[in-house]
Amino acid sequence: MGQTMAEKILAKAAGVKSAAPGDLLDVYPHVAMSHENAGLVSKVFKTIGVSRVWDPEKIIIIFDHRVPAESDKTAAGQKAVRDFVKAQNIKNFYDINVGICHQVLPENGHVRPGEVLVGTDSHTTTQGAFGNFATGIGATEMAAVWATGKLWMMVPESIKIVTHGKFRDGVYAKDLILYIIGMLRADGADYKSVEFYGEAISEMSVSSRMVLCNLSMEMGAKSALVPPDGKTLDFVMSATSIPFEVIKADPDASYLQTIDIDLSDLRPQLACAHSVDNVKKVSEVEGTPIHQAFLGSCTNGRLEDLEIGAKLLAGKRIHPDVRLLIIPASWKVYREAIKKGHIETFIDAGAVILNPGCGPCLGAHQGLLAPGERCISSTNRNFKGRMGSTESEVYLGSPATVIASAIAGKIVSPEGKV
Amino acid sequence: MKYHGKAFAYGNDINTDVIFPGRYLNIFEPSEMAKHAMEDLDKEFLGKMAPGDIIVAGKYFGCGSSREQAASCLKASGISVVIAESFARIFYRNAINLGLAIMVCPGISGMVKYGDILEVEPTTGQIFNKSQGTSANAKRLPPFILEILQDGGLIPHLQKSIKK
Ligand code: SF4
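Residue numbers (numbering that gives the first Met the number 0), protein chains in the order written: chain R, 0 to 417; chain V, 0 to 163.
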């Protein structure tokens, strides 16, 4: 019987011929990524009793969650990691001036099709956009990977999502994945692997595919995969010369469920407070006042997202009662946005630009919300208190919905404006 | 492995942000983490809980981020076991790796009230609600997961195999 992408990739990384859902495998990941929580990983690692990490080339550490450090505690944690990186000779360390881990990984050639990547961040699933089985693990488990180079994994069942038709104007990958999460619910893909197919997925940029795989975590997915094509290979091969093997699903692979989605009906979507599966059409909540708008994050802080924002903001000012925060996902994106004039457009419109990193997305610093405030955000989580006060609200939408709303001072649909 | 304590009962989809808020993620000391356990969900949790107490929840406990502080803050606060209808994948792994016992028991949230006294045995899956006089059986954990839990978590488990 045929196998899904997840089954084939995991079997290969475990050195076995084939794998089926429920199999427990010892998997040898190709890349192990951590961010500031490398501080916790290294602390646990030191208790194991091995002196050197298994492979200093395969460990990647990227500071992004609190850059630059917002407190002395964080500063001390970051310093401890810098010292560890030097002592262990870890080659791929990215300090506070590079960007968000999920963007920095592919930009620097660390994400390759057919491989397994583990990261101490739940949105590690983002890298499935490149046909890579990428999944999140905890810090203690990562410490064990650093020591042994392996971890146990249960081979997941797979869900196949097939799109039909094309997106309407003003509707994007973000709207599609929010719609799917609303349908399957927050635990609809718990322990499962998701695969995306359809004409619109093939036509989509690599950046938009990353949006789908990033947000698949919000329905619990262990991994989310897009089969590699010419666009994937162009991207990966311009970033690395390390050889890899493209792995696709067999035509007769078996799926737990196949979901067909007709894009011609799809309109802009919004995840309303306080859960990502509380999804409504933007038109249903239109007119709700907002106090802050945020364009950025590992979900929607890439060049194409900033481009949409710049198009909508050109020659305009944001609403006087709204604060607009913009964070390019990486310094590379930042530079390109400067060259294209987007950053100037943003500043002229009254936006505040912050250092590439997570910013207010996780409520640790930079632009938090007061009780009673509401934010429209291009990020991926809106749990209670996620972006500041537990009495504030976060609504999640596409970059176009975020910027159109920042101009209007209230939630509005971007349809007819882009 | 037998635990006895009062139950803190919660609903579905309890996420890691309310178990351990993101603003504290720069804390790496378990005793410090314990001071913020359940902070954004149940302000009375820390005042009421005693070592050995048990969390009972509905579906998809621990969804959201991969932060293992969500499991370690509960363990450090003295929670002995978390019983839920189902768990989010990363929380499930983190709990096992940190040696925090967990039990998957569909239907459990309907039979336990906040404050009930429970007696549970993770190795066999038996749950006895002493306050209500009812009992339930959780799914059996795979043997190698039980072994990690019995060793006290992944690190002691690994240390054991390194010494061998
Ligand atoms: S931008 Fe937000 S979701 Fe993405 S890695 Fe940072 S904190 Fe996590």
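To be clear, the hints were calculated from the coordinates, so they are not data collected in a lab. Since we're looking at a predicted model, the values are computed, not measured. Keep in mind that a hint or two might mislead.
Under the rule of at most 25 Å between Cα atoms (straight-line distance), these lysine-lysine pairs were calculated in the BS3-like manner [unchecked claim]: (1) V/Lys34 with R/Lys42; (2) V/Lys42 with R/Lys42; (3) V/Lys112 with R/Lys383; (4) R/Lys159 with V/Lys58; (5) V/Lys112 with V/Lys5; (6) V/Lys162 with V/Lys5; (7) V/Lys58 with R/Lys279; (8) V/Lys159 with R/Lys45; (9) R/Lys149 with R/Lys11; (10) V/Lys42 with R/Lys383; (11) V/Lys58 with V/Lys42; (12) R/Lys165 with R/Lys416; (13) R/Lys149 with V/Lys47; (14) R/Lys149 with V/Lys159; (15) V/Lys34 with R/Lys72; (16) R/Lys11 with R/Lys279; (17) R/Lys383 with V/Lys47; (18) R/Lys45 with V/Lys162; (19) V/Lys58 with R/Lys383; (20) R/Lys42 with V/Lys162; (21) R/Lys315 with R/Lys338; (22) V/Lys5 with V/Lys34; (23) R/Lys383 with V/Lys34.
Covered stretches of chain R (in silico footprint by chain V; criterion: 3 or more residues with CB under 8 Å from a CB of chain V, positions within the stretch not fixed) [said to hold, decoys possible]: (24) 31-41; (25) 60-74; (26) 304-314; (27) 390-401.
Idealized CB from N, CA, C, for every residue including glycine.
Each hint tested on the structure:
1. V/Lys34 with R/Lys42: holds, 20 Å
2. V/Lys42 with R/Lys42: violated, 30 Å
3. V/Lys112 with R/Lys383: This hinted pair holds, its Cα atoms lying about 24 Å apart.
4. R/Lys159 with V/Lys58: This hinted pair holds, its Cα atoms lying about 24 Å apart.
5. V/Lys112 with V/Lys5: holds, 10 Å
6. V/Lys162 with V/Lys5: violated, 38 Å
7. V/Lys58 with R/Lys279: Cα-Cα ~23 Å, so holds.
8. V/Lys159 with R/Lys45: Given pair lysine 159 of chain V, lysine 45 of chain R holds - Cα atoms ~15 Å apart, limit 25 Å.
9. R/Lys149 with R/Lys11: holds, 13 Å
10. V/Lys42 with R/Lys383: The hint holds at about 14 Å.
11. V/Lys58 with V/Lys42: holds, 21 Å
12. R/Lys165 with R/Lys416: With Cα atoms ~18 Å apart, lysine 165 of chain R and lysine 416 of chain R stay inside 25 Å; holds.
13. R/Lys149 with V/Lys47: Between lysine 149 of chain R and lysine 47 of chain V the Cα gap is close to 40 Å, so the pair fails against 25 Å, i.e. violated.
14. R/Lys149 with V/Lys159: holds, 17 Å
15. V/Lys34 with R/Lys72: holds, 16 Å
16. R/Lys11 with R/Lys279: Since the Cα atoms of lysine 11 of chain R and lysine 279 of chain R sit roughly 41 Å apart, the hinted pair is violated (cutoff 25 Å).
17. R/Lys383 with V/Lys47: holds, 23 Å
18. R/Lys45 with V/Lys162: holds, 16 Å
19. V/Lys58 with R/Lys383: Since the Cα atoms of lysine 58 of chain V and lysine 383 of chain R sit roughly 18 Å apart, the hinted pair holds (cutoff 25 Å).
20. R/Lys42 with V/Lys162: Roughly 20 Å separates the two Cα atoms, so the pair holds.
21. R/Lys315 with R/Lys338: Roughly 20 Å separates the two Cα atoms, so the pair holds.
22. V/Lys5 with V/Lys34: holds, 19 Å
23. R/Lys383 with V/Lys34: holds, 19 Å
24. 31-41: With 4 residues closer than 8 Å to chain V, the region 31-41 of chain R meets the three-residue bar; holds.
25. 60-74: holds (count 5)
26. 304-314: Answer violated; 0 residues pass the 8 Å Cβ test.
27. 390-401: violated (count 0)
Of the numbered hints given earlier, the model fails hints 2, 6, 13, 16, 26 and 27; all others are met.
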